[in-house]
Amino acid sequence: MKRVFVVLMCMCLVALTHAELLIYDSFDGPAGSLNGVTPDIGSDAWAADGTYLNLDGSGKLVVSSPGWFSGQNGLLPFAPENGYIYTLSAKVDVLSGGHWLGLGFVNSADASHVNDGFVWIPAGPSIIYQDNGGDGSVKSFVWGDYAPEDDKTSADLGVDISGEVLLECVIDTTQSETSWSISTYVNGVLAMTDQWGTNPVIAGVGLGALGADGSSINATVDDFMLTREVPEPATMALLGLGGLLLRSKRR
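Position one of the sequence shown corresponds to residue 3 (the numbering used here), numbered consecutively onward.
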């Protein structure tokens with residue numbers, strides 16, 4: 003029942019924002035491994051670590067990582083197109099441990115990467131992390147030759163990450179066919195924004211945990227969602243005007 007209600011609410015929300023719901027998972031399935039499970043919305047099944055990413059049977063995904071240097075990931079195929087704004091989001095709650103939980107766009111959703119450190123999935127272009135450690139740090143990564151990481155604490159952002167937190171990664175492909183932008187948000191507060199000089203290869207979305215140096219993590223994830231929004235005509239007109247001004251300035 004929860005699954006039907008939540009899916010309907012999400013569909014109404016994205017309709018109001020002129021967005022299309024591409025992927026949605028309430029994790030409202032029977033207890034067991036996430037691997038091979040198909041989201042509520044979306045046709046591809048999860049490729050996931052078979053031990054440390056599990057549905058708890060009550061509408062949450064439990065993500066954990068042992069204390070050695072390894073990753074435990076869940077990945078879904080996805081490829082962006084020009085002309086849209088894509089928002090990847092999930093509600094996360096780090097219950098214990100002091101290492102990393104990640105959400106982001108990756109350049110491979112192949113099952114061979116489910117145990118890579120999430121941040122090291124080859125050239126993973128955009129990832130946001132929440133840390134339940136001492137400073138409650140939030141790190142935004144844009145890997146490869148695109149931009150450096152941006153490292154802030156929750157105090158820098160003025161957000162409370164002690165309970166359930168909404169993490170969002172937004173890719174805007176409307177501005178240029180060769181120079182997309184990436185922004186990350188924590189509870190609706192902008193954490194980082196940057197623009198790629200060369201568009202990355204994106205072939206998936208996912209989430210993951212990373213334990214290292216004896217530090218483990220245990221967290222829950224809910225409402226994993228990917229939307230695609232077409233800017234309103236007025237917005238597109240402004241973007242077009244901006245492009246014309248940039249071109250005239252370069253001349």
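You may find that some hints are simply not true.
[Claimed, not checked] Straight-line distance between alpha carbons at most 16 angstroms, and here's what the computed EDC-like set of lysine to aspartate or glutamate pairs gives:
1. Lys93 / Asp196
2. Lys93 / Asp224
3. Lys154 / Asp118
4. Lys93 / Asp162
5. Lys62 / Asp162
6. Lys93 / Asp225
7. Lys62 / Asp112
8. Lys93 / Glu22
9. Lys62 / Glu179
10. Lys62 / Asp158
11. Lys62 / Glu166
12. Lys62 / Glu83
13. Lys62 / Asp42
Everything labelled a hint here was simulated from the structure, so no lab data went into it.
Here is how each hint holds up against the structure:
| no. | hint | verdict |
| --- | --- | --- |
| 1 | Lys93 / Asp196 | violated, 23 angstroms |
| 2 | Lys93 / Asp224 | holds, 5 angstroms |
| 3 | Lys154 / Asp118 | violated, 24 angstroms |
| 4 | Lys93 / Asp162 | holds, 13 angstroms |
| 5 | Lys62 / Asp162 | violated, 21 angstroms |
| 6 | Lys93 / Asp225 | holds, 6 angstroms |
| 7 | Lys62 / Asp112 | violated, 24 angstroms |
| 8 | Lys93 / Glu22 | violated, 19 angstroms |
| 9 | Lys62 / Glu179 | violated, 37 angstroms |
| 10 | Lys62 / Asp158 | violated, 29 angstroms |
| 11 | Lys62 / Glu166 | holds, 12 angstroms |
| 12 | Lys62 / Glu83 | violated, 31 angstroms |
| 13 | Lys62 / Asp42 | holds, 13 angstroms |
Figure legend: structure checked against the earlier numbered hints; hints not met, in rising order: 1, 3, 5, 7, 8, 9, 10, 12.
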